[in-house]
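Protein chains in written order, with the numbering used here: chain A, 627 to 976; chain B, 734 to 1032.
Hints are computed from structural coordinates only; laboratory data are not their basis.
Just so you know, these numbers come straight off a predicted model, no measurement behind them.
All C-beta atoms, glycine included, are put in the ideal place defined by N, C-alpha and C.
One side of the interface only, derived from the structure: several residues of chain B facing chain A at Cβ under 8 Å: (1) A860; (2) M869; (3) S876; (4) A877; (5) F879; (6) V880; (7) M968; (8) P981; (9) A985; (10) Y996; (11) Y1014; (12) A1026.
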Amino acid sequence: MASGAQRRIKSISYAKYGYIFILPFFLVYFFFQLWPLINTFIVSFHGNGKSIQDWVGLQNYKDILFGGTRKVRVIHESFFKCLKNTVILWVGNFIPQLALSLSLAVWFTEAQLKIPGKGFFKIVMYLPNIITAASVAVLFLQLCGQSDTNPGALNLLLNKMGIVHRDAVSEHYDSIKFIDGVWQSRGVVMFIQTWMWFGNTMIMLMSGIQGINPSLFEAASIDGASSGQVFRKITLPLLTPIMAYTLITSMIGGLQMFDIPYLYTNSTTPKEHLRTMAVMIFQYFHAQADNNKMGYAGAASVLLFFITLALGLIAFYMTRDKDEIAKKKQRKKIAQQAKRESKQFGGINL
Amino acid sequence: MSNNMKSIYGNAKDNYSFKIKLKSGILFFWFLILTIICLLPIYILIINATREHSEIANGISFIPGSNLKANFHKIVTDQNFKLSYNALHGYKNSLIITVCATFLTVFFSALTAYGIHVYDFKIKEVAYSVILLVMMVPMQVTSAGFVSFMSDLHLTNTYWPLIIPAIAAPAVVYFMRSYMKSSFPLDIVEAARIDGCSEFRTFLSIAIPMMKPAIAVQAIFAFIASWNNFYTPNMILINVKLNKKTLPMMVAALQSSDKFNDYGAIYLAIALSIIPIIIAYVLLSRFIIAGVALGGVKE
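Input sequences plus hints: build the corresponding full structure.
Structure follows, in structure tokens:
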């Protein structure tokens, strides 16, 4: 056993290696992530375009949140439009994604079911997640081509199924506008997002379900619980922490959505109804020289940062373990009662 | 009486196993449908890469065409394609960035996790909480400040801002630390010290080999994330020549397809960007699936 003195010597001689080993991480973190974050705050207090060096205080935030003159109102409106787009696209992909992956995770882990090729299905369902998002966007752009004379594969498929018609004389298709249409294109983007992420969510939820004590499922099946009851009363409550994690990461990922909405367009600029926050910020700071809106980009980033933070907190609050909280309250109550009782005896601890 | 009971129980059992079989069968078909949905876009991509422009416009087909060579020829020689797409340069540039970034991520994350796990020092817990805290800050939030800082340093249009930041990967550090907690006993470090091994050497020749499974999983994910990254290169490499662009940037340039006017060639160009990663996935899928299950890897 090491004596006190020995232990002290050990801590003196080795602690410095701890600092040396973690130094590169924190150095790089400071210069390439923390300073950029602070710099984003600083940039957000400065002007746009030519007056990028001028300190304007909270003017950028005021412009974005409340609008003002006609020139500024454009920024104000586009910010809220982009926020709305982001929320629509995220909700539209998260709900089907969660429903699909949760049901698949339950079925994959149910012991009684004998389904051949489970491993193969898992591998195939995760496949879309590893493909370059930029390639996926361009691929779907090709597949969903909407031209009348030579439409993409999807319209041709629908034509075969008799949904899209072809004019007999002019040989033109009345293609569905999967790129120009507001809700059609949003639907495609939602589909792509679900397509890419459901496998990932499914595997995470599966590992969560496998982490649940199997004797609980056994006991339930002995008591004659139906699979629906098992799901509602055992799987779902015990899966809450992992679901909270999935929800939060997906939400943060949703706010970052960039590649697909940015590239899913047949012109040089992204479609107005697909512009997400990330696309907007990118466009603002990416504009050349005097045209840039660096200040607005910074301010929008800072707002995005706070939205992320708030959403994370809400999700944590909503999905935290209710039993745990009740227990904590009870413990507090008991402690208080004990305190009160000890006070009754003149503060003497009996 | 007993006969009666037997028949009732026998019926119930038959009924039960029939139910399970029915459910399994239905689910099997549902999984098959999902498999088709997952693979169909990729399948059509590969089929169309081998077909002619006019064939593709006239209808879909599930049988490969015979135009692969001509499509490839077109990508290599056509003036429009030459201006915006060069698979060879794309592979090379993406590979340089990705390999460097992956190595840095894995090595320095292991180093940081090792430092926090093995040594006792004052700010240890604080440092670890900071790492956990910053895991959630999305890249998009810092990008405006990042770009303006990089252009102040005159580092835009170079690969450095794409490679160096890979050293600080909080999520990977978190994963490595939890792995070390479960399977890296401190006694080994102690033993190495007694044998006169220097601290850094202990890390290199004892800790790294012991952490191979965790390193392999994280290397795969870091590689995929960096290879697929479009946002950062697009933001940093503002005006570089074609032969400096990464593969996703080149594919993104194919998006305005009117310019090229050859669907077969476009499909082939997209396919060339996807196929290497699919082959890698097929070979490594076992590790990848296990890795996802191990700990929330979500980029």
